[in-house]
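Colleague: Read top to bottom, the protein sequences are chains A and B. Position 203 (the first sequence) corresponds to 203 in the numbering used here; numbering is contiguous. Position 69 (the second sequence) corresponds to 69 in the numbering used here; numbering is contiguous.
Check the hints yourself; a few may be wrong.
The calculated DSS-like cross-link candidates involving lysine-lysine, where the alpha carbons are at most 30 angstroms apart (straight line), are [to be verified]:
#1 Lys158(A) / Lys85(A)
#2 Lys154(A) / Lys230(A)
#3 Lys88(A) / Lys75(B)
#4 Lys43(A) / Lys75(B)
Partial selection, computed: residues in chain B whose CB lies under 10 angstroms from chain A [what the hints assert, rightly or not]:
#5 Ala22
#6 Asp53
#7 Met56
#8 Thr57
#9 Glu58
#10 Ala59
#11 Ala60
#12 Ile61
#13 Leu65
#14 Ala68
#15 Phe72
#16 Ala73
#17 Lys75
It is worth saying that the hints were derived from the structure and are not from the lab. Where a beta carbon is used, it is the ideal one built from N, C-alpha and C, also for glycine.
Listed here are the chains, written in short residue letters.
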Amino acid sequence: MIKRALAIITLLIIGYWLAQGLAGVPFGQDKMLVGRYYLEHVKEQTGAVNAVTAVVVNYRGFDTLGEVTVLFIASTGVGALLWRKKKKRTARTEGSVVLTTGTSLLFPFVVLFGAYIFIHGHLTPGGGFPGGATIATAFLLLYMAFVTYEIPHKVFEKTEGLAGMGYVAVGLIGLAIGGYFLFDWIWQTWGWGQSNIGRLFSGGFIPIIYTLIGIKVGTELSGIIDNMLKEGVSE
Amino acid sequence: MNCITCVEYIIVALMILSAVLAVEWRDLLAAAVGMAAVSLFASILFFMLQAPDVAMTEAAIGAALSGAVFIFAIKRTQRFETEDEEKPGWWVRW
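Can you build the whole structure from these sequences, using the hints too?
Modeller: Written out as C-alpha cells, the structure reads:
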C-alpha cells in the first residue's frame with residue numbers, strides 16, 4: 001500500500017517533469033535539420049524510394065549492423081542458457097485437423113509474404129526485420145500445429161551465419177571499392193539501376209542487404225522459438 | 001475536433017488501460033495477452049502517425065513473436081503469481 005503510493009507519486013513527478021520538457025516541442029511542425037537533407041537527396045544518392053530503409057541501411061548502416069549483432073547475441077544467449085545434451089519437444093496434444101490443415105495451407109503464403117516484404121524494402125514499407133519476423137511466425141505456426149515438427153538445425157544455423165557474414169562482406173567490398181565500410185558500391189560506383197528508380201532492380205545494395213538481413217532474422221527467431229519449446233530429457 | 005483525433009484518443013486510452021491491466025493481472029497468461037494488446041495499439045498508433053515501417057515491425061515482433069515467447073516461458077514455469085497476501089483481493093492490497 002505505502003510502497004504503491006510512493007511509487008505512483010514518484011512516477012507522477014517524473015511524468016510531470018517529462019511533460020514539462022515536451023511542452024516546448026510543437027507537434028507536427030517542420031523542425032527538420034538533417035531530415036531535410038535525407039528527404040531531398042535520398043533518390044539520387046541511394047536510389048531508394050523508401051527514405052526510412054535508405055537511412056537505416058545506407059546513411060546509418062552501422063546501426064543496422066549493431067542491431068543484427070544484438071539479435072545474434074540474443075539468439076546465442078538463449079541457446080546457451082537453455083542448452084541440454086538431449087532435447088525433445090514436450091507437446092502432447094496434436095492440433096486439431098482444422099489447425100494442422102490450415103497451417104500447412106497457410107505456411108507457403110506466409111513465407112512468400114515475408115520474402116516479399118524484405119525483397120521490396122526499398123520500395124514499400126517494411127524491410128529486413130519485419131520480413132524476417134514474418135517468416136519466423138510461419139515456423140512458429142508449424143511448431144504450434146504439429147507435435148513433432150523441428151526445424152532443420154544444421155541448415156538453419158549455417159544459413160544464419162552465412163547471411164551475417166554476407167552483410168559484413170558487402171560492407172567490406174564497399175571498403176575495398178569506395179574507401180569506407182558499407183559504401184554503396186552498386187549505386188555509387190557501378191551506377192546500376194540509375195535509369196529506373198522505383199523499379200525492383202534499383203536501390204543500390206539495399207535489396208541485397210535486406211535479403212541477407214531477412215534470412216538472418218527469420219532463421220534466428222525460429223531458432224529462439226525452437227530453443228524455448230524444447231526441454232531437456234534426463235536419461 | 002475531427003474524427004481522426006477522437007480515434008487517436010480512444011486508442012491511447014485503450015493502450016493505457018491494457019498496460020495497467022497487464023501489470024495488474026495475477027494470471028501471467030492474461031498479462032501476456034495484455035502485453036500483446038499494448039503492442040497492437042502501439043502498432044495502430046504508429047500507423048496513424050504515418051510511420052508504416054515501424055508499425056509493421058511492431059506488429060510482427062510485439063504481437064506475434066514476443067507474445068509467443070512469453071507464453072512458452074510461462075508454459076515452462078508457472079502460470080500464477082503466488083503470494084500469501086493474495087487472499088484479501090487486490091483492492092485491499094492496493
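Colleague: Look at each hint and say if it fits the structure.
Modeller: Do the hints match the structure? See the list:
1. Lys158(A) / Lys85(A): The hint holds at about 20 angstroms.
2. Lys154(A) / Lys230(A): With Cα atoms ~17 angstroms apart, lysine 154(A) and lysine 230(A) stay inside 30 angstroms; holds.
3. Lys88(A) / Lys75(B): holds (15 angstroms)
4. Lys43(A) / Lys75(B): violated (49 angstroms)
5. Ala22: This hint is violated: alanine 22(B) lies away from chain A, its Cβ roughly 16 angstroms from the closest one there, beyond 10 angstroms.
6. Asp53: Hint holds; aspartate 53(B) Cβ to chain A Cβ min 5 angstroms, cut 10 angstroms.
7. Met56: holds (4 angstroms)
8. Thr57: holds (5 angstroms)
9. Glu58: holds (9 angstroms)
10. Ala59: Holds: closest Cβ of chain A sits about 8 angstroms from alanine 59(B), inside 10 angstroms.
11. Ala60: holds (4 angstroms)
12. Ile61: Cβ of isoleucine 61(B) sits 5 angstroms from chain A, so the hint holds.
13. Leu65: This interface hint holds because 6 angstroms falls under the 10 angstroms limit.
14. Ala68: holds (6 angstroms)
15. Phe72: holds (4 angstroms)
16. Ala73: holds (7 angstroms)
17. Lys75: holds (9 angstroms)
Consistency note: the structure conflicts with the earlier hints numbered 4 and 5.
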